[in-house]
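Q: Each chain, written out:
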Amino acid sequence: MEKKLPFDIRAVRLQFPALDQLVYNKPFVYLDNAATTQKPRVVIDRVKAWYELENSNIHRGVHYLSQQGTIAFENARQTVANFINSKSSREIIFTKGTTDSMNLLASSLGKLLVKEGDSVLVTGMEHHSNFVPWQQLCVERKANFLVAGITENGEVDLDHYTELLEKKPKIVSIAHVSNVLGTINPIEEMIRLAHVYDIPVVIDGAQSICNQKIDVQALDCDFFAFSGHKMYAPMGVGVLFGKEKWLDAMPPYQFGGEMVNQVSIDETSFNVLPFKFEAGTPNVSAVLGLESAINFIETIGNVSIAAYKDQLIQYALQRLAEVKGIKFIGNPVHRASVISFLIDEIHPYDAGMIIDKLGIAIRTGHHCAQPIMERFGIPGTMRASFAMYNTFEEIDIFVAAVKKAAIMLS
Amino acid sequence: MTIEQTQQQIIGEFSIFDDWMEKYNYLIEMGKDCPIIETQYKTNNYLINGCQSRVWLHASFDGNIVHFSADSDAVITKGIVNLLIRVFSGHSPEEILKSDTTFLDQIGLKEHLSPTRSNGLLSMVKQMKLYAQIFQLKANQQVNE
Ligand SMILES: Cc1ncc(COP(=O)(O)O)c(C=O)c1O
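Protein chains in written order, with our numbering: chain A, 1 to 410; chain B, 1001 to 1145.
Chain A on its own, in the form it takes in the complex (with noise of 0.2 angstroms):
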């Protein structure tokens, strides 16, 4: 198998200390990225550093390393505004994470746009952090909850999008790359449908952001969600970007520390951007294991990245397409680096398992996205998902496990 790379995989997986063990005394091959994706050492000692060394309180203190943490914290809000190419590092909110992003848009967003009668506009492909939340603020407001179609290939009805748009939602919150179905759905075309009717757009970047280069305003995306640990980066650290305009017409969601400017017993002051959002301390450390997974990322080239990714895939599908049964749940024409499949009447959580004992760490279930699986009629999936780390042997191990899992099951 001769396969031109576009960068040398055998040093990056030796950046990635998790990727070199044994399961069940078996090399460890990991298909489980669209969870989260295993952190290479400079993020793990950046984290390191910031605790033997660094640590203190940011924002507030006039000493050496308060001073010194508060600079590095605010240069790696730098490098992401730098990252996803946002206008200024106003924009540039720090979260847990997507879910904490959308719980904060549904909540503060909400309060400022949506009133009884009006309605949000969602897709049937959202993970349940893009879902629930505006879903519950709709039944709270006495609001419609929109959901546009999905097809049998798995995409975006988007004649049935148009159609909702026209009920004028005054937010519409989507997702750029499907968790379970891979699909990388048309949000320029779908933020340029949004726009005619001046309606702001959220969009759930959870599975694109180590997927491709992001360029918030070549996209003129209004809110741009993701999580850290999804790039390569810790735990517990995510982004909101937001317009300016937005962020500054928005509400505080939390309240506390850091993010006011004058409190008396008589009434509070907020903070500008983007602190008016950030209340408490922060987490520090993963912030900046974020800013190095960031620097990884573009050492080795987002679109040399997004290239063999698109290798392993069309790799994957094609070896898995020998399997006898196999059945892909979504054909979408643009697919991230994310396959879900069933095979006959193989219920997914029996293959995971023998697969599981395989070494072979893949996802089994919903997926946390149960309105898809009522589309599709079906109770899970089983879910492979690729980073840059994986290789063509690996998907070779892969498929040789599936292979074998379905002559036991059958």
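Honestly, the hints are just simulated from the structure, not real lab data. The hints are all genuine.
With a straight-line cut-off of 20 angstroms between C-alpha atoms, the simulated SDA-like cross-links for lysine to any residue are:
1. 1032/B with 346/A
2. 357/A with 1021/B
3. 1032/B with 410/A
4. 1032/B with 406/A
5. 357/A with 1028/B
6. 357/A with 1022/B
7. 1126/B with 1102/B
8. 357/A with 19/A
9. 357/A with 1018/B
10. 1042/B with 379/A
11. 1129/B with 1058/B
12. 1110/B with 359/A
13. 1023/B with 1010/B
14. 404/A with 1032/B
15. 403/A with 1022/B
16. 48/A with 15/A
17. 1110/B with 358/A
18. 1110/B with 23/A
19. 245/A with 198/A
20. 357/A with 1014/B
21. 87/A with 73/A
This structure is a prediction, so every number in the text was calculated from the model and none was measured.
Once you've looked at the hints, dock chain B with the ligand against the given chain A.
A: Okay, now just chain B with the ligand, sitting in the frame of chain A:
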């Protein structure tokens, strides 16, 4: 046979397997066995929802012994369901309440009862005990009446 004797018998059967593959094959074979619940009980009323696989459980009581039947949509889960039924069905509520599931530890299947698995099995065991408790209460009431 007492519950304890059945458990020992199962431990004996599993002791001949050299590796997990043989063990799983055996579970799969057991899981494929005839339906162990009557279709009228395979409804939402009798469903124990796990996140990963689903289990249906039905219990009846003739005044002396409890009869369990159950099913699962996943075949390996169903294999273990089968073991649990074999162990606990056909005994008095007292005996069921007295015994535990440590035999699963000894045959290396303990992980399947872990709450993190959310396959419905842990809830099934709890539900079986609950039935036993209720039946015991019922029996005692009848004695007192
Ligand atoms: C598409 C999508 N949205 C949102 C999330 C939630 O991310 P987190 O759990 O990091 O908040 C996920 C994670 O699985 C996801 O795949």
